[in-house]
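Residue numbers (our numbering), protein chains in the order written: chain A, 1 to 345; chain B, 1 to 345.
Hints in this document: simulated from the structure, not taken from any laboratory.
Where hints are given, some of them may not hold.
Mimicking DSS-like on lysine-lysine, the simulated pairs with C-alpha atoms at most 30 Å apart in a straight line are [what the hints assert, rightly or not]: (1) K144(B) to K181(A); (2) K97(A) to K239(A); (3) K295(A) to K178(B); (4) K144(B) to K144(A); (5) K181(B) to K110(B).
Everything numeric in this text was worked out from a predicted model, so none of it was measured.
Protein chains: 2
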Amino acid sequence: MPELRRDPVVGYWTIISTERSRRPVEFRKGEIVEERSCPFCAGKEGETTHEVYAVRGEGSKPDSPDWDVRVILSKAPILPQEEVLDRCGEGMYDLMKGVGVHEIVVETPKHQHDLDELGPDQLEKVIRTYVHRINELEKDPRFKYVLLFKNHGLISGSARDVIRHSRSQLLAIPITPKRVKEELAAAKSYFERRERCVFCDILRQEAGEGSRIVSENASFFAFCPFASRAPFETWILPKKHCADFGKCPPSDFRDLGAVLKDCLGKIRVLLNDPPYNMILHTAPYRHKKKEIYWKTIEEDTHWYFQISPRLTHDAGFEWGTGIHINPTPPEDAALLLRETDAAVT
Amino acid sequence: MPELRRDPVVGYWTIISTERSRRPVEFRKGEIVEERSCPFCAGKEGETTHEVYAVRGEGSKPDSPDWDVRVILSKAPILPQEEVLDRCGEGMYDLMKGVGVHEIVVETPKHQHDLDELGPDQLEKVIRTYVHRINELEKDPRFKYVLLFKNHGLISGSARDVIRHSRSQLLAIPITPKRVKEELAAAKSYFERRERCVFCDILRQEAGEGSRIVSENASFFAFCPFASRAPFETWILPKKHCADFGKCPPSDFRDLGAVLKDCLGKIRVLLNDPPYNMILHTAPYRHKKKEIYWKTIEEDTHWYFQISPRLTHDAGFEWGTGIHINPTPPEDAALLLRETDAAVT
Chain A
1 MPELRRDPVV
11 GYWTIISTER
21 SRRPVEFRKG
31 EIVEERSCPF
41 CAGKEGETTH
51 EVYAVRGEGS
61 KPDSPDWDVR
71 VILSKAPILP
81 QEEVLDRCGE
91 GMYDLMKGVG
101 VHEIVVETPK
111 HQHDLDELGP
121 DQLEKVIRTY
131 VHRINELEKD
141 PRFKYVLLFK
151 NHGLISGSAR
161 DVIRHSRSQL
171 LAIPITPKRV
181 KEELAAAKSY
191 FERRERCVFC
201 DILRQEAGEG
211 SRIVSENASF
221 FAFCPFASRA
231 PFETWILPKK
241 HCADFGKCPP
251 SDFRDLGAVL
261 KDCLGKIRVL
271 LNDPPYNMIL
281 HTAPYRHKKK
291 EIYWKTIEED
301 THWYFQISPR
311 LTHDAGFEWG
321 TGIHINPTPP
331 EDAALLLRET
341 DAAVT
Chain B
1 MPELRRDPVV
11 GYWTIISTER
21 SRRPVEFRKG
31 EIVEERSCPF
41 CAGKEGETTH
51 EVYAVRGEGS
61 KPDSPDWDVR
71 VILSKAPILP
81 QEEVLDRCGE
91 GMYDLMKGVG
101 VHEIVVETPK
111 HQHDLDELGP
121 DQLEKVIRTY
131 VHRINELEKD
141 PRFKYVLLFK
151 NHGLISGSAR
161 DVIRHSRSQL
171 LAIPITPKRV
181 KEELAAAKSY
191 FERRERCVFC
201 DILRQEAGEG
211 SRIVSENASF
221 FAFCPFASRA
231 PFETWILPKK
241 HCADFGKCPP
251 SDFRDLGAVL
261 KDCLGKIRVL
271 LNDPPYNMIL
281 HTAPYRHKKK
291 EIYWKTIEED
301 THWYFQISPR
311 LTHDAGFEWG
321 TGIHINPTPP
331 EDAALLLRET
341 DAAVT
């Protein structure tokens with residue numbers, strides 16, 4: 001079973017998949033998985049695990065075809081669901097039995113490649129599903145964080161994903177990742193000094209300056225961040241302060257769908273359907289309400305989507321310093337994206 | 001000119017290369033640079049910038065062919081050398097004019113692909129050159145850190161490097177990167193609690209346990225770390241505590257060359273010449289000797305080389321959490337590497 005192992009120096013965690021241990025012969029250069037028949041299309045429900053949740057036609061049965069959005073468990077979960085959480089030491093090292101829930105959100109019953117190809121009603125259902133599952137997973141007290149992410153057209157593991165069917169992934173995990181803690185601590189420290197949310201301040205500065213705006217509607221604001229690590233990196237924030245994506249009001253789902261569709265469409269058209277990651281940044285689950293750390297979290301953090309086209313590759317400099325090199329200034333990226341017509345062709 | 005821009009939330013720095021701004025059309029999928037005539041071979045000195053330093057035959061002139069190791073400036077430096085360091089704010093954002101020295105260490109006059117193909121005398125000269133350049137660059141008070149790194153056969157930027165001539169890079173920069181600061185702070189905090197260097201403790205545990213050892217000689221120890229983020233990741237540490245690579249005694253150069261040759265040879269043979277990164281972790285330059293932060297640095301940090309074969313690809317989960325998924329347990333990786341005969345064929 002997978003182990004979560006902690007580096008004894010800096011404290012990052014690694015998931016060591018002892019179960020599906022990869023031998024050298026399995027790391028083949030440029031391995032491409034052949035395009036197979038798509039298991040995510042309507043009518044292929046028997047090829048996936050049983051559904052966990054679906055937005056489906058009234059009276060239709062689980063695992064039958066009449067659905068709009070469908071959530072299933074991953075067949076190759078990053079962490080297994082059934083293990084009992086167990087922490088222990090090994091000399092100076094710390095390890096934990098991995099435990100988690102790894103779900104796939106199939107975003108359309110049709111064989112469509114990306115979110116921006118979906119219509120407004122369908123997008124609303126997708127957002128509703130994200131919010132619903134994140135709130136459902138919160139009920140399990142073992143989990144401290146849930147990550148919603150999307151790997152579009154991306155090399156992941158050693159194989160390039162060639163099933164061109166729009167989907168995202170949800171992973172509930174028993175730890176708050178170091179990256180998330182850092183962001184929370186930084187936002188908290190900013191708030192302590194100024195009594196203002198750092199993300200609300202960023203929104204104000206970006207709206208005033210204008211040069212990095214990508215898209216905007218009544219409830220959401222999309223821009224290329226000042227210190228973008230990836231060319232054409234885009235953040236989408238709710239204009240109204242909100243720490244938890246799970247508390248996004250249903251009246252905002254349509255606007256969120258619209259801004260996602262617009263940003264992803266512009267990226268697809270301008271950059272010729274590049275691979276990208278989309279990640280949701282949101283507050284962690286807070287089961288122990290009394291924890292001092294969480295006292296001001298609803299004021300000091302702010303959920304957002306980060307879209308990072310993967311056009312460059314990290315090498316020794318990035319790994320050694322943590323400093324990314326971005327060859328496209330965000331002002332140029334935003335201008336090009338603003339000028340791009342995202343209309344689906 | 002490139003700007004160093006600081007993220008206002010977490011505080012990471014990004015280098016925005018405003019000079020060579022990349023337009024969308026330049027990000028082409030799978031772009032491969034054609035194999036060209038190699039500018040790093042002996043006799044091609046006219047095709048590079050003037051040499052900064054060389055280990056060369058007595059009486060031979062700079063930029064003439066009679067050399068063993070040659071250091072030149074990068075033709076496409078990550079940061080330019082001539083700028084004046086200048087810090088300023090832009091609303092809530094911080095930025096700095098980039099300034100740095102970016103050198104290429106050409107490790108052999110022959111068209112050889114990797115360090116492990118070099119003989120012991122040549123390797124000794126390579127190590128001597130690393131140490132010499134790092135100590136020379138320290139004399140410039142603008143620089144806080146120098147990163148020594150190697151991108152072997154790696155996709156870097158958007159093009160795959162196809163000049164198969166062994167070389168490393170040195171980049172002196174005016175900031176201490178966040179990643180380095182974190183490692184230093186963690187090592188310091190460990191030392192404060194225990195009065196022992198965390199890396200010396202790791203060495204003791206690894207030597208005692210034995211399951212993750214890759215290679216060893218009188219002065220150096222190589223192993224796959226407990227929480228390896230990459231399959232077959234290998235660290236090489238001096239057995240005798242030492243914070244600064246620049247203070248590595250010349251009597252150790254031969255042993256360091258031997259352990260590098262052994263580890264890189266094993267990786268090449270076992271994994272069929274995979275792309276890899278090699279990074280040197282060492283203490284930062286300490287111009288302000290009185291800084292409280294540096295008070296115990298010579299006791300609490302420990303230089304090491306990190307070799308990370310690039311066999312997997314990060315995607316949304318890794319970006320969102322900072323947690324890497326490693327499909328090969330370090331115990332399996334070390335066993336396979338130990339059993340591999342690195343003899344150059």
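- Task: Could you work out which earlier hints the structure fails to respect and list their numbers in ascending sequence?
- Result: Result: hints 2, 4, 5 break, sorted rising.
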